[in-house]
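2 protein chains.
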Amino acid sequence: MEYAAIHHQPFSTDAYSYDGRTVHIKIRTKKGDADHIRFIWGDPYEYNDGKWSANEQPMRKIAATEMHDYWFAEVVPPFRRLQYAFVVTDDHEDIFFGSSGVCPYNEKTLETIHYYFKFPFVHEADTFQAPEWVKSTVWYQIFPERFANGREDLSPKNALPWGSKDPDVNDFFGGDLQGIVDKLDYLEDLGVNGIYLTPIFSAPSNHKYDTLDYFSIDPHFGDPELFRTLVSQLHQRGMRIMLDAVFNHIGSASPQWQDVVKNGDQSRYKDWFHIHSFPVTDDNYDRFAFTADMPKLNTANPEVQKYLLDIALYWIREFDIDGWRLDVANEVDHVFWKTFRQAVSTEKPDVYILGEIWHSAEPWLRGDEFHAAMNYPFTEPMIEYFADQTISASRMAHRVNAHLMNGMKQANEVMFNLLDSHDTKRLLTRCRNDEKKARALLAFMFAQTGSPCIYYGTEIGLNGENDPLCRKCMVWEKEKQNQDMLQFMKRLIALRKQENTLLTEGHLEWNLLDDKNDFISFSRTLDEKILIYFFNQGNVVQHVSLRELNIDRNKKICDAWTEQ
Amino acid sequence: MEYAAIHHQPFSTDAYSYDGRTVHIKIRTKKGDADHIRFIWGDPYEYNDGKWSANEQPMRKIAATEMHDYWFAEVVPPFRRLQYAFVVTDDHEDIFFGSSGVCPYNEKTLETIHYYFKFPFVHEADTFQAPEWVKSTVWYQIFPERFANGREDLSPKNALPWGSKDPDVNDFFGGDLQGIVDKLDYLEDLGVNGIYLTPIFSAPSNHKYDTLDYFSIDPHFGDPELFRTLVSQLHQRGMRIMLDAVFNHIGSASPQWQDVVKNGDQSRYKDWFHIHSFPVTDDNYDRFAFTADMPKLNTANPEVQKYLLDIALYWIREFDIDGWRLDVANEVDHVFWKTFRQAVSTEKPDVYILGEIWHSAEPWLRGDEFHAAMNYPFTEPMIEYFADQTISASRMAHRVNAHLMNGMKQANEVMFNLLDSHDTKRLLTRCRNDEKKARALLAFMFAQTGSPCIYYGTEIGLNGENDPLCRKCMVWEKEKQNQDMLQFMKRLIALRKQENTLLTEGHLEWNLLDDKNDFISFSRTLDEKILIYFFNQGNVVQHVSLRELNIDRNKKICDAWTEQ
Ligand SMILES: [Ca+2]
Ligand SMILES: [Ca+2]
Chain H
2 MEYAAIHHQP FSTDAYSYDG RTVHIKIRTK KGDADHIRFI WGDPYEYNDG
52 KWSANEQPMR KIAATEMHDY WFAEVVPPFR RLQYAFVVTD DHEDIFFGSS
102 GVCPYNEKTL ETIHYYFKFP FVHEADTFQA PEWVKSTVWY QIFPERFANG
152 REDLSPKNAL PWGSKDPDVN DFFGGDLQGI VDKLDYLEDL GVNGIYLTPI
202 FSAPSNHKYD TLDYFSIDPH FGDPELFRTL VSQLHQRGMR IMLDAVFNHI
252 GSASPQWQDV VKNGDQSRYK DWFHIHSFPV TDDNYDRFAF TADMPKLNTA
302 NPEVQKYLLD IALYWIREFD IDGWRLDVAN EVDHVFWKTF RQAVSTEKPD
352 VYILGEIWHS AEPWLRGDEF HAAMNYPFTE PMIEYFADQT ISASRMAHRV
402 NAHLMNGMKQ ANEVMFNLLD SHDTKRLLTR CRNDEKKARA LLAFMFAQTG
452 SPCIYYGTEI GLNGENDPLC RKCMVWEKEK QNQDMLQFMK RLIALRKQEN
502 TLLTEGHLEW NLLDDKNDFI SFSRTLDEKI LIYFFNQGNV VQHVSLRELN
552 IDRNKKICDA WTEQ
Chain A
2 MEYAAIHHQP FSTDAYSYDG RTVHIKIRTK KGDADHIRFI WGDPYEYNDG
52 KWSANEQPMR KIAATEMHDY WFAEVVPPFR RLQYAFVVTD DHEDIFFGSS
102 GVCPYNEKTL ETIHYYFKFP FVHEADTFQA PEWVKSTVWY QIFPERFANG
152 REDLSPKNAL PWGSKDPDVN DFFGGDLQGI VDKLDYLEDL GVNGIYLTPI
202 FSAPSNHKYD TLDYFSIDPH FGDPELFRTL VSQLHQRGMR IMLDAVFNHI
252 GSASPQWQDV VKNGDQSRYK DWFHIHSFPV TDDNYDRFAF TADMPKLNTA
302 NPEVQKYLLD IALYWIREFD IDGWRLDVAN EVDHVFWKTF RQAVSTEKPD
352 VYILGEIWHS AEPWLRGDEF HAAMNYPFTE PMIEYFADQT ISASRMAHRV
402 NAHLMNGMKQ ANEVMFNLLD SHDTKRLLTR CRNDEKKARA LLAFMFAQTG
452 SPCIYYGTEI GLNGENDPLC RKCMVWEKEK QNQDMLQFMK RLIALRKQEN
502 TLLTEGHLEW NLLDDKNDFI SFSRTLDEKI LIYFFNQGNV VQHVSLRELN
552 IDRNKKICDA WTEQ
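Respectively, the protein sequence lines represent chains H and A.
Under the working numbering, think of the first position of the first sequence as 2, with each following residue one higher.
Under the working numbering, think of the first position of the second sequence as 2, with each following residue one higher.
Keep in mind that the hints are not guaranteed to be accurate.
When the alpha-carbon atoms are kept at most 20 Å apart in a straight line, the in silico SDA-like pairs for lysine to any residue are as follows [as the list claims (entries may be wrong)]: (1) A/Lys307 with H/His124; (2) A/Lys32 with H/Gly102; (3) H/Lys498 with H/Asp560.
It should be emphasised that the hints constitute simulated quantities derived from the structure, not laboratory data.
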């Protein structure tokens, strides 16, 4: 047994409260090393005849990667206190694994109380909790300048005719909020029930990530009344709306930064930023990346905190929005986000807080900051397997497993899953315009836990290279839309919504990872129901015998896609 | 190379801001596996000719355990943003270790940006920071009922004559705050400069963990004026004072609980507790352990939070105390402690917040809860080696190393190190009254990073079994005190204070772990200065040649103990 590979971190995604009562416990061993693992647990204060009262239950192997097996147990400690350890068994030996690492498995070890891990008390307050509605939401991301032009009178003077050319970085085409209102029937018919808008506040650029005024709707997009109409019509249709908050930095055209430019160290806003010397030049202050027109905000300054929190609460209180997507969330301090979470959740408890984080977001998903992150670490293995074909099916599955094992179950359930966005190549382009691959990727993503999002236009076959080409105008002429793709997406979304509980909470099992034939099968299981998926990315038709699937003979089998 | 054993957890004690600028990075490999490790890092946005600009630096092996080697690097990212990975080398191969685990070390891997770990931005606000003064503090723990009786008129009516017998659970001997005031010369002469008092608030028992009223000094201990005198005289002597806050539970004699007993579900305090049904009996509510007279407080109730925070701030604001030791801190929710930390640090920024946690306290030491914990996980291996002789020297060293590696450096530096307390056997008893062993343990603890604490009476050779016998009356008659021990402690404390910076911040290196002869040597190094320690627990006199110590010939060597 490879002792050095055994890993368990108390009070982490390895040991957490799932619902305020139930504790989830995971332990990692070297792949193939352990035959079985017993979970030893009890109340730390419960003794019988001077001996600690311990229970024992088998752990279940729930996932594997190239290098590791992951084992799982759940318990409901009767007094909400938990003391625990593991007994790992292979064909040679049993070992005890606890807070002092590997110890010989014997009476003396078992009786040494400080060799056990502790989960001292299971608190509701310390439990990661997310809004329930997210679990049944299919998202649709809109880049408002390019979705639909509903009011010519609002369009920028220099707006180009809709879809007249591929966009350049600084082009305007006149998309606006009225355009979205006008297309609500279309969106409802598509089946999506959550709309994520990239920024809509006043800003000079077409993307509006260089905010000028967080309290106003960009005049080319509309006004507060129009936005209020949009929200209320969405809500009437049972749809949610999420806005984009750019709190890492502000636009250089903002009054705050302009005051600093003008007044230097006499500016009352000088501590709103991270300025190294005065007067400010192009590079003596912290910026987003190295972008001069996006000075970084000093979120440790209480004035800035108040300013940003006021914004966050204003759009909830006045307009009843349902979510905040936080731009460059990983570069803002955790202290600020904890304050943000508390303020927002107090104002409206079921607002979804989503961080833009491209890497592992575990540090922000500990229960007191975000509910979810844009799930790029899940996107990557999917894309590398299906689109790029640079990794094998099993490598993909292993990376997906590792990523899932790195999160709490209730966090994975509300992750914001996506295949593309305004910041990446479009899915179809990433698939080298192979529509089958794009469909496979969408079907695969919709089959996994987490809240799936499609980027506007994906459903009608829009393609595009990296920014600015991933921000093309939406195509509304039916004859120019890929109607087959649209029908496919409608079916996919409908199936997702129909099997939502299973697809959110169900256990994932990889049944077949055939790297040679590029053929994979996995199942999602919840209680008595199983959904079995097959993805054949190879060139050979695969035959699957239903008998081989090991399905209980009494079970009814049907094709979920055709419902036959 | 054992890939499965390589471990690095981003934004944890493996990757943290040390001082708001410098990032500390650790990675763990199987023992003996890696010949060297290179740390690859750069700013995530810095590109040259389309290629990411990466730096490379060697990591240093800083610790080993039975199973693992730990490697360390520190960097100051120029723009406070860090993207990084590791290249691990043995005699067969180089591998790349990043956010997707082990990858082949080649150009393609190096160019795949999402294979790198991220430390997105180094924030002062997210940095674990502790009061500086703790680093130069030697603590002295007092159990007030048993330290000194300064005013007979305050003593309980049934108080027994001082030291007339070994204490039983419910005995009183009349110790009080005046007794402590009277002994300040003694304490100053001993050299300690931090006093930790177990609870002093009104409570029926002698230990006062069953609080009746958190806003009053127990009448048998004194009154607010006497306490104010104690604090001011301590401060005049440059000494600090820490009080004990029992916030997990309250005494059953408290008005709040009595109201519940009387009024049942009509009580306005019914939500202050975790009561399962009414009327309350002996076991239908959550208690500390299973102790009926210590009902657990519901710290998720805002009223309870306000009540407890008012207490915390009252004793700081009105009496200027310097620290709070938090009883059963691990069983209270993290949300409450974060609020507590913020409130206390706002009131007086350098108050030391110390949690009573017997196991790994890492979850509470992430920067926004406690500064330190009672360091029992460090106590245990020391005691098991020196006193119990149940583990070898190398096992002890390995467990100390593992424990240190489980913490941020700045947290380890202010940990509250102890060998015994009112909750354990006394040190001398644990050493089966072998004074040499007790001295060795004290010397060993004083040689390690962290803030050492001695329990009243240790310095004069007091012994005692578990509670109540570890709470004997202090012996004040000189002829009954162990004067040799006292001189030893004075020297130990003086040396600690003299070499304080080195002993707090210096690197620990185990030079010799001779399990056969029970002979160990380690060094503490900071800049040009080295302290070398030798502990011979064996039966054979050991000779050490200064030449073998590999000390630079130009260095001055002196005996730190005798100063010769
Ligand atoms: Ca328009
Ligand atoms: Ca007295």
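Checklist entry - In ascending order, which of the hints set out earlier in this document are inconsistent with the structure? => result none
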